[in-house]
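Peer 1: Residues per chain are reported as follows:
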Amino acid sequence: MKILVVDDTEANRKLLSWILEDDGHTVVEAVNGQEGVDLFTSESPDLVLMDVMMPVMDGFDATKAIREILGDTHVPIIFLTALSDDASLAKCLSVGGDDFLSKPINEQVLQAKINAHARIRDLNEELNKQKVELEALHALTEREHEIAKAVFENAMGASLQDCSNTRHYISPATTFNGDILLSAPSPSGGLYVILADFTGHGLPAAIGALPLSQTFYNCTVAGDSVSDIARKLNAALEGFLPDFMFAAAAVLEMNADGSRVTFWAGGLPDVIITDANGKLKETVISAHMPLGVLEDNEFEREVIIRHPEPGDKFYIYTDGITETETPDGVMYGDERMQALFDGTQKDPFTKLLYDIKTFRGALEQNDDITIIELTCSPVELETEHDTKPLVQGKLPWSLSMNLDASTLNGSSPISQIIDMIGASPAISEHKDYLHTIMSELFSNALEHGVLELSSELKETEDGYLEYYQQREEKLAALTDGNVTINVEFILGKEYGKLKIHFSDSGKGFNVKNIKASDDSDGDDDAFGRGVSLIDTLCDSVEYNATGTAVTAYYTLKSTN
Amino acid sequence: MPVECALSSDNAELTISIVGRFDFELVQEFRAAYSEKKGSRYTIDMRATEHMDSSALGMLLNMRKTLGESAKISIVNCRPQIKKILTISRFDKKFSIE
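Residue numbers (this note's numbering), protein chains in the order written: chain A, 12 to 571; chain B, 231 to 328.
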């Protein structure tokens, strides 16, 4: 150990040095308090033996100065004093000394005290080391939380579709939310909403949000039904989460005009449905198990369907609301909540949030709270449309196909043709209509031309079946006959145009016979709609005199 | 399965979903879907229907005839191009199209 001896009496210093060096310590000597402080800084001793009465600076002031320099670290300072009154001894300790030794020095007591203080110093060092480690660990955890939070927020990014039909309130109990609220538009113009409450809260609960949100968005883009979404979410969570973790959830879809709400609910508090004035119409219990509990083959996919009046409201919320407690442990509960929906509240949603907060009083929120209000009216999404000018192809082209008996007796060639021509940028947007037009033209050429089937069969429901049975039989027996298809892309000033030509080897048929009359009495006929469809979708349609060929024109206008 | 049926949990509503192409190849399956007359309300869910042709229109009209004029039949979640075909054929007179 390196020991600093501060004493103005040379004899004392020599005596101490002699004892200490004999015990294997290194000794640094200072002749007064000031020099003691200076040497303390430059030599960093492990222990200090301090005389009290010294010129320039006494032991008390020197000790104070050294304590100042040390801050939180600990180096024992032992006073060596000839004073023996209580006040002086007390002062030794109060200025920052750790112990005192009376002069004349007893060698054995000196050695014992030095050893004792060395032990304290070691303990102190160990403690400090652990403190530094702990602080580093804490900083690391905080940083990891920051990273996780950033990933989490990105993954959940734009998680709520801006939509004038919904209002929501989300209040996590910690940095990470174990409640997930997501919404997304459906391909047919409606709105999907999911609210999920994972077991527990904080980071572990929030982790489940990632597989849940990814699955949800995959489903909504594909336009899946509510029961399919619920099933897929269940499978994703069942495979992803540990057994003791699952999510109480509701998955809901409202159609584009807000007249139909389909939902699946498992493990959440009752869904509340009110009329436009906020009067309770119905509460719907969550009948299913939470997501992530049942295996895929046990999963219950039955949904609840409601046909609300315009302005009706649906409230879906997590148990953080109903389980809010007063400081005395009284729970807010379903009854208190449902009482808000008596039709007298101007804005039950805001009132509820206010109530919860006052109910809890000074108590800290101990669970995540989430609620969404959905108003049943035509879905208004706040999205931007990008209208980019359509690229018209630069080169004219044509495609022709001659189908004989053996190729006609396979699946329809139309999908393949559409795939081929649909690759052209001018056409891709029109694929669906062209598919319809060409399917109709092909059916007519094959069924009425080559196979000579009569539409009149289709007049009854049984005849309808019969018609298609005959189609199948005749097609299977077909040895002769063909259908020729020509598609030509003609460049136009603004938009390109398609010339579609079909001809067949049949005897010819009269289009008028298979065209449903437009008079009111023709509305019920289960046939003849194909020809009108073609007429409406195309610019012009011309049949040749014998009824064996047809030419249709279709302009590739941008429909945006 | 191109034709899927699901009864709502209160057994009131039968939802028939058509997946992929709605054309004559589904004629028997589609008929079987509604012929047991389960439920008091019918919904044809077209969310996954990519194309339909005039034979599908005929099948829908047959369904209307079989179930009678008073039956509630809705066609829901149509893509725009399918909706246009239904509108052109004036199916909005016989079905509620959402």
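Take the hints with a grain of salt, since some may be wrong.
In silico DSS-like pairs for lysine-lysine, Cα to Cα no more than 30 Å straight-line [claimed, not checked]:
(1) A:K523 - B:K268
(2) A:K523 - B:K302
(3) A:K568 - B:K323
(4) B:K313 - A:K568
(5) B:K313 - A:K510
(6) B:K324 - A:K442
(7) A:K510 - A:K523
(8) A:K140 - A:K13
(9) A:K442 - A:K357
(10) B:K313 - B:K268
(11) A:K485 - B:K295
(12) A:K292 - B:K295
(13) B:K313 - B:K324
(14) A:K142 - A:K75
(15) A:K243 - B:K313
(16) A:K13 - A:K160
(17) B:K302 - A:K290
(18) B:K323 - A:K442
(19) A:K508 - B:K313
(20) B:K295 - B:K268
(21) B:K295 - A:K504
Calculated directly from the structure, the hints in this document are not laboratory data. This one's a predicted model, so the numbers in the text were calculated from it and none came from an experiment.
Peer 1: Each hint: holds or not?
Peer 2: Now the hints, each set against the structure:
Pair hint K523 (chain A) plus K268 (chain B) does not hold up; C-alpha atoms about 39 Å apart against a cutoff of 30 Å. At most 30 Å may separate the alpha-carbon atoms for a hinted pair to count; K523 (chain A) and K302 (chain B) exceed this at roughly 33 Å. With a CA separation close to 29 Å, the supplied pair K568 (chain A) and K323 (chain B) stays within the 30 Å bound. As the CA atoms of K313 (chain B) and K568 (chain A) are separated by approximately 19 Å, the hinted pair is consistent with the 30 Å bound.
About 25 Å separates the Cα atoms of K313 (chain B) and K510 (chain A), which keeps this hinted pair within 30 Å; it holds. Taking the CA atoms of K324 (chain B) and K442 (chain A), the gap is near 28 Å; set against the 30 Å cutoff, the hint holds. This hinted pair checks out: K510 (chain A) and K523 (chain A) have alpha carbons roughly 22 Å apart, not beyond 30 Å. Note on K140 (chain A) and K13 (chain A): the hinted pairing holds, with a Cα-Cα distance of about 21 Å set against a maximum of 30 Å.
For the hint linking K442 (chain A) to K357 (chain A), the alpha-carbon distance of about 50 Å lies beyond 30 Å, and the restraint is violated. Proposed proximity of K313 (chain B) and K268 (chain B) is supported: the alpha carbons are some 26 Å apart, at most 30 Å. Of the supplied pair hints, the one linking K485 (chain A) and K295 (chain B) holds, its CA atoms being roughly 28 Å apart against a limit of 30 Å. For the given pair, K292 (chain A) sits about 35 Å from K295 (chain B) by alpha-carbon distance, which is inconsistent with the 30 Å threshold.
Distance check on the hinted pair: K313 (chain B) and K324 (chain B) sit about 14 Å apart at the alpha-carbon level, within 30 Å; holds. Distance restraint check for K142 (chain A) and K75 (chain A): the Cα-Cα separation of roughly 25 Å lies within the 30 Å cut-off, and the hinted pair is therefore satisfied. This hinted pair checks out: K243 (chain A) and K313 (chain B) have alpha carbons roughly 28 Å apart, not beyond 30 Å. Between K13 (chain A) and K160 (chain A) the alpha-carbon distance is near 50 Å, which puts this suggested pair outside the 30 Å criterion.
At roughly 28 Å between alpha-carbon atoms, K302 (chain B) and K290 (chain A) fall within 30 Å of each other, so this suggested pair holds. Distance check on the hinted pair: K323 (chain B) and K442 (chain A) sit about 27 Å apart at the alpha-carbon level, within 30 Å; holds. Between the alpha carbons of K508 (chain A) and K313 (chain B) the distance comes to roughly 24 Å, so the proposed pair stays at or under 30 Å and holds. Our distance criterion of 30 Å between C-alpha atoms is met by K295 (chain B) and K268 (chain B), whose separation comes to about 16 Å.
The straight-line distance between the Cα atoms of K295 (chain B) and K504 (chain A) is roughly 48 Å, outside the 30 Å bound, and the hint therefore fails.
Going through the hint list in order, the structure does not satisfy hints 1, 2, 9, 12, 16 and 21.
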